[in-house]
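Enquirer: The residues making up each chain are set out below.
Protein chains: 2
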Amino acid sequence: MRHTVRLHALAACVALAFSAHAAARDTVIPDKAVAAATALRDRAMNDITGYDFVAGLTTEVGPRLAGSAADKRGVEWTVAKFKAMGFDKVYTEKVSYPLWERRSEHAQIVAPYPQPLAVTALGYSAGTPAGGLTAQVVAFDDLAALKAADPATVKGKIVYVSTHMTPQKDGHDYGMGSATRTAGAVVAAKMGAVAYLLRSAGTDPHSRTPHTGVTGFKDPAEAIPAAALSLPDADQLERVVKSGKPVTLKLDLDVGFKGTYQGENVIAEVTGRKHPDEVVAIGGHLDSWDLGTGAIDDGAGVAIAAAAAKLIKDMPQRPDRTIRVIAFANEEMGLWGGRAYADAHAKEVSTFQLGTESDFGAGRVWRMTASVKPEARNAIAQIAKVLEPIGVAYDASRPGGGGSDLSQMHAKGMAALSLTQDGTNYFDYHHNANDTLDKIDPKDLAQNVAVYAAFAYMAAQADGNFGSAPGAFANDGAHD
Amino acid sequence: MRHTVRLHALAACVALAFSAHAAARDTVIPDKAVAAATALRDRAMNDITGYDFVAGLTTEVGPRLAGSAADKRGVEWTVAKFKAMGFDKVYTEKVSYPLWERRSEHAQIVAPYPQPLAVTALGYSAGTPAGGLTAQVVAFDDLAALKAADPATVKGKIVYVSTHMTPQKDGHDYGMGSATRTAGAVVAAKMGAVAYLLRSAGTDPHSRTPHTGVTGFKDPAEAIPAAALSLPDADQLERVVKSGKPVTLKLDLDVGFKGTYQGENVIAEVTGRKHPDEVVAIGGHLDSWDLGTGAIDDGAGVAIAAAAAKLIKDMPQRPDRTIRVIAFANEEMGLWGGRAYADAHAKEVSTFQLGTESDFGAGRVWRMTASVKPEARNAIAQIAKVLEPIGVAYDASRPGGGGSDLSQMHAKGMAALSLTQDGTNYFDYHHNANDTLDKIDPKDLAQNVAVYAAFAYMAAQADGNFGSAPGAFANDGAHD
Chain Z
21 MRHTVRLHAL
31 AACVALAFSA
41 HAAARDTVIP
51 DKAVAAATAL
61 RDRAMNDITG
71 YDFVAGLTTE
81 VGPRLAGSAA
91 DKRGVEWTVA
101 KFKAMGFDKV
111 YTEKVSYPLW
121 ERRSEHAQIV
131 APYPQPLAVT
141 ALGYSAGTPA
151 GGLTAQVVAF
161 DDLAALKAAD
171 PATVKGKIVY
181 VSTHMTPQKD
191 GHDYGMGSAT
201 RTAGAVVAAK
211 MGAVAYLLRS
221 AGTDPHSRTP
231 HTGVTGFKDP
241 AEAIPAAALS
251 LPDADQLERV
261 VKSGKPVTLK
271 LDLDVGFKGT
281 YQGENVIAEV
291 TGRKHPDEVV
301 AIGGHLDSWD
311 LGTGAIDDGA
321 GVAIAAAAAK
331 LIKDMPQRPD
341 RTIRVIAFAN
351 EEMGLWGGRA
361 YADAHAKEVS
371 TFQLGTESDF
381 GAGRVWRMTA
391 SVKPEARNAI
401 AQIAKVLEPI
411 GVAYDASRPG
421 GGGSDLSQMH
431 AKGMAALSLT
441 QDGTNYFDYH
451 HNANDTLDKI
461 DPKDLAQNVA
471 VYAAFAYMAA
481 QADGNFGSAP
491 GAFANDGAHD
Chain G
21 MRHTVRLHAL
31 AACVALAFSA
41 HAAARDTVIP
51 DKAVAAATAL
61 RDRAMNDITG
71 YDFVAGLTTE
81 VGPRLAGSAA
91 DKRGVEWTVA
101 KFKAMGFDKV
111 YTEKVSYPLW
121 ERRSEHAQIV
131 APYPQPLAVT
141 ALGYSAGTPA
151 GGLTAQVVAF
161 DDLAALKAAD
171 PATVKGKIVY
181 VSTHMTPQKD
191 GHDYGMGSAT
201 RTAGAVVAAK
211 MGAVAYLLRS
221 AGTDPHSRTP
231 HTGVTGFKDP
241 AEAIPAAALS
251 LPDADQLERV
261 VKSGKPVTLK
271 LDLDVGFKGT
281 YQGENVIAEV
291 TGRKHPDEVV
301 AIGGHLDSWD
311 LGTGAIDDGA
321 GVAIAAAAAK
331 LIKDMPQRPD
341 RTIRVIAFAN
351 EEMGLWGGRA
361 YADAHAKEVS
371 TFQLGTESDF
381 GAGRVWRMTA
391 SVKPEARNAI
401 AQIAKVLEPI
411 GVAYDASRPG
421 GGGSDLSQMH
431 AKGMAALSLT
441 QDGTNYFDYH
451 HNANDTLDKI
461 DPKDLAQNVA
471 VYAAFAYMAA
481 QADGNFGSAP
491 GAFANDGAHD
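Those sequence lines, one after another, are chains Z and G.
Residue 126 in the numbering used here sits at position 106 of the first sequence, with consecutive numbering throughout.
Residue 92 in the numbering used here sits at position 72 of the second sequence, with consecutive numbering throughout.
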């Protein structure tokens with residue numbers, strides 16, 4: 021009997037475990053919360069709050085280069101918008117960073133075939149002397165070739181480095197492309213180059229819109245003039261180089277460092293009903309490069325997070341935990357907002373239930389990955405089950421990094437998701453003049469809002485946490 | 021018997037007529053010429069002479085704004101190239117026209133939402149006062165709405181007119197688009213506007229590259245500042261206008277007339293063996309707008325004509341008549357090269373066997389139409405039969421206009437073809453920065469060369485002419 025009883029008890033336990041998909045100590049999303057999140061998801065799929073937000077931000081503010089007058093207007097616009105949306109709290113937190121300005125930029129082939137080139141200066145580039153800088157070009161096929169070169173062949177020259185990115189759903193070529201931009205400029209400067217020029221880290225072979233982006237220069241003393249050519253202009257320069265004749269370029273970049281600027285992370289909250297101090301953190305970055313209007317990078321991210329929180333706020337009652345939307349300052353020149361935030365809030369890391377940021381455009385989310393404690397894996401699977409019908413596949417084999425700025429909180433120990441968007445076209449428009457509202461499909465954006473709203477709500481309602489703790493996930497290999 | 025004999029004779033005549041597709045007095049392409057043209061066509065389809073030409077011109081010269089230093093280099097490059105290609109004659113003919121310069125151009129929304137706009141000045145635009153011009157905007161949905169407006173609502177304002185072109189194989193929306201640009205500027209000026217701005221006459225909704233093009237201003241006294249916004253910028257301005265708030269723009273255009281320039285049509289010939297003074301005229305225009313490198317408009321056209329003539333020159337013996345390649349000067353600002361050519365050669369119009377110009381990009385030729393005398397229709401059908409296997413359909417119901425510059429010789433009485441290219445993507449790149457070499461598919465270009473080589477050779481070898489005479493075809497309704 022006893023034996024039988026024990027077997028029955030075990031069977032009951034196993035049945036319970038499987039029925040709830042969770043052992044007793046596991047984090048669980050209550051059935052009621054799953055049902056509410058499912059309805060929330062379906063509402064969000066047909067909601068235009070997100071699109072209206074990004075249309076407003078990109079139309080009424082436009083480009084928002086960190087530290088510019090437009091950036092300040094963007095902060096004011098977002099504070100006013102968050103208040104108008106009725107969030108329970110709206111506030112800002114200071115973020116200091118070096119101010120870098122772009123005033124004008126020109127490039128031309130001087131010899132052998134004089135003609136203008138479409139160019140844009142890179143973040144933290146030095147300016148050229150007034151009137152421009154003229155020098156011979158030395159060209160390399162890729163960053164490795166530059167690194168392998170004899171510095172004597174580079175000294176006093178304009179270094180040009182090619183890159184070739186292929187459009188990909190997960191955009192993984194950008195690792196190589198951005199390294200060519202950030203590290204390449206530093207390598208060239210150390211080798212004695214007078215300027216650095218790269219084929220844009222982009223995937224639009226037919227567009228004369230060069231892609232900007234930050235360099236790895238850490239202070240004005242090490243910076244040299246650094247810029248990117250559009251892909252057709254890079255083709256043109258490469259054809260001229262192939263002619264075998266010496267190639268002379270003139271760069272005229274009126275850009276540079278200009279002291280320190282104090283910007284702001286803009287934060288809005290839906291205050292938790294039961295655990296107001298426990299936080300689900302979502303967001304995007306408010307700054308943009310100045311060439312476009314910062315629609316896909318990253319007006320969309322802020323809009324997705326804000327719209328998701330607004331839809332949760334509009335539910336019959338507040339969620340158990342707080343939903344915090346963070347519009348980060350100056351992500352573009354080195355995660356300044358994200359690092360300031362993580363530094364200021366490191367001690368509270370255990371109160372961050374779960375977090376992730378949207379910063380990969382406005383394409384649909386197709387993959388969810390997570391860095392959470394083992395006992396929260398079933399809760400993640402519950403979230404995945406709600407997201408699966410709208411095209412999101414859960415890949416349990418990969419970590420979740422939390423996105424660009426929130427990667428810094430993840431590095432402190434915040435449990436994090438990665439909600440990977442379809443970036444097939446992202447690097448056509450990324451960091452160039454073509455990053456404008458017309459690149460956003462309202463239905464695709466709504467799918468993102470649905471994903472963020474549903475996951476954030478379920479995380480806020482969970483029985484149990486996802487494992488945030490100081491130093492947790494330190495070695496999870498996340499790359500966000 | 022006699023009766024029978026007569027019937028037999030008639031039947032024989034009918035059979036002859038149908039077998040040769042020609043009555044006794046009709047122009048005929050000899051069978052040997054048809055066979056040679058067929059072989060020429062097939063050689064051209066795999067030849068890279070045309071692509072090499074346009075790659076060289078756009079790389080080694082680049083943009084060629086009429087009257088600029090680059091235009092002069094373009095003339096020198098083309099003379100040298102034609103000589104290197106081994107043509108029997110290479111010469112130039114003078115073309116005078118008003119010089120118009122573009123030095124710099126900027127636009128911004130001043131209120132209610134300050135931000136820059138991507139703008140380009142239009143040909144023959146006046147410059148703004150130094151430091152720019154700031155005024156309120158009055159917006160119209162189309163040119164008809166502007167024309168119908170009360171001038172009091174326009175006076176002292178910046179007039180903005182929208183246009184919406186759809187991509188089409190034959191590009192017919194450009195009629196409306198170019199009228200909005202050319203006539204719109206003049207209408208606005210006459211109504212007292214201080215400046216004219218249009219949504220670019222283009223079909224690339226996602227590109228921040230505004231499309232330039234000439235206005236209808238005939239002299240500096242009537243010109244006002246006139247410019248085009250890229251399509252995304254036009255969307256942006258239209259959204260701001262829709263907000264209902266007064267919209268103020270600042271335009272800063274450093275452009276304008278600067279006296280008279282003497283340019284050159286560049287001409288190369290393969291001298292006819294039997295009738296050197298009878299001419300098959302083909303060509304394109306050598307000038308381009310300055311924003312791109314003039315690859316599809318119209319490096320391609322010059323390249324197609326030059327390559328076709330070169331392939332004919334390389335045949336075992338010279339053709340019966342002369343093949344003349346004309347690279348026209350300053351087509352873009354009003355057919356200056358074409359008009360000068362027609363004025364200079366009007367008296368020789370009867371010696372022009374047949375002519376047409378390529379100026380609609382580098383897409384494949386898909387339609388042939390002709391304005392020729394009725395007795396030359398069968399010869400045109402013979403040409404069509406050679407072109408049909410490479411995708412060209414003969415539409416006998418439409419006239420042939422001779423292309424842009426050669427329309428002027430056609431207007432004097434030159435028999436002419438139209439060889440219509442696939443222009444589906446043409447207005448994505450036309451007159452903007454994206455008109456660069458990468459837009460040309462070498463195989464498509466080779467098909468054009470095949471069409472031009474085959475038709476020009478057959479016209480040169482024809483027994484009989486195509487009806488060129490002073491005043492012929494005056495009412496054929498051709499629109500080229």
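Simulated from the structure, these hints should not be mistaken for laboratory data.
Careful, some of the hints might be misleading.
[To be verified] Covered, in the sense of this in silico footprint (three residues per stretch, anywhere, with C-beta under 8 Å from a C-beta of chain G), are these stretches of chain Z:
| hint | region |
| --- | --- |
| 1 | 131–140 |
| 2 | 191–202 |
| 3 | 221–234 |
| 4 | 365–372 |
| 5 | 396–410 |
[Said to hold, decoys possible] Quick list of in silico lysine to any residue cross-link-like pairs, SDA-like style, CA-CA up to 25 Å:
| hint | chain 1 | residue 1 | chain 2 | residue 2 |
| --- | --- | --- | --- | --- |
| 6 | Z | K92 | G | K270 |
| 7 | Z | K262 | G | V130 |
| 8 | Z | K270 | G | E96 |
| 9 | Z | K92 | G | D458 |
| 10 | Z | K189 | G | A104 |
| 11 | G | K265 | Z | R93 |
| 12 | Z | K463 | G | G76 |
| 13 | Z | K103 | G | K270 |
| 14 | Z | K270 | G | E121 |
| 15 | Z | K270 | G | D458 |
| 16 | Z | K92 | G | P266 |
| 17 | Z | K270 | Z | D193 |
| 18 | Z | K265 | G | I410 |
| 19 | Z | K463 | G | S263 |
| 20 | G | K262 | Z | A100 |
| 21 | Z | K265 | G | G76 |
| 22 | Z | K109 | Z | I68 |
Heads up, the beta-carbon is just placed ideally off N, CA and C, and yes, glycines get one too.
Enquirer: Now tell me, hint by hint, if it's right for this structure.
Expert: Here is what the structure says about each hint:
1. 131–140: It holds, with 6 qualifying residues against the three required.
2. 191–202: Our answer is that it is violated, as 0 residues pass the Cβ test (under 8 Å) against chain G, missing three.
3. 221–234: Satisfied; 5 residues make the cut.
4. 365–372: That given contact is violated, which follows from only 0 residues of the region 365–372 of chain Z lying within Cβ reach (below 8 Å) of chain G.
5. 396–410: n = 0 at 8 Å, threshold three: violated.
6. K92(Z) with K270(G): 22 Å, holds
7. K262(Z) with V130(G): Violated. K262(Z) to V130(G) sits at ~45 Å, over the 25 Å cutoff.
8. K270(Z) with E96(G): 24 Å, holds
9. K92(Z) with D458(G): The hint is violated at about 40 Å.
10. K189(Z) with A104(G): Roughly 48 Å separates the two Cα atoms, so the pair is violated.
11. K265(G) with R93(Z): 18 Å, holds
12. K463(Z) with G76(G): 45 Å, violated
13. K103(Z) with K270(G): 32 Å, violated
14. K270(Z) with E121(G): Holds - the C-alpha atoms of E121(G) and K270(Z) are around 22 Å apart, at most 25 Å.
15. K270(Z) with D458(G): 24 Å, holds
16. K92(Z) with P266(G): Holds, because 23 Å separates the two Cα atoms, which is no more than 25 Å.
17. K270(Z) with D193(Z): 30 Å, violated
18. K265(Z) with I410(G): This hinted pair is violated, its Cα atoms lying about 39 Å apart.
19. K463(Z) with S263(G): Within the cut-off at roughly 23 Å; holds.
20. K262(G) with A100(Z): Judged against 25 Å, a Cα distance of about 21 Å means the pair holds.
21. K265(Z) with G76(G): Holds, at about 14 Å.
22. K109(Z) with I68(Z): With a Cα-Cα distance of about 23 Å, the restraint between K109(Z) and I68(Z) holds, given a limit of 25 Å.
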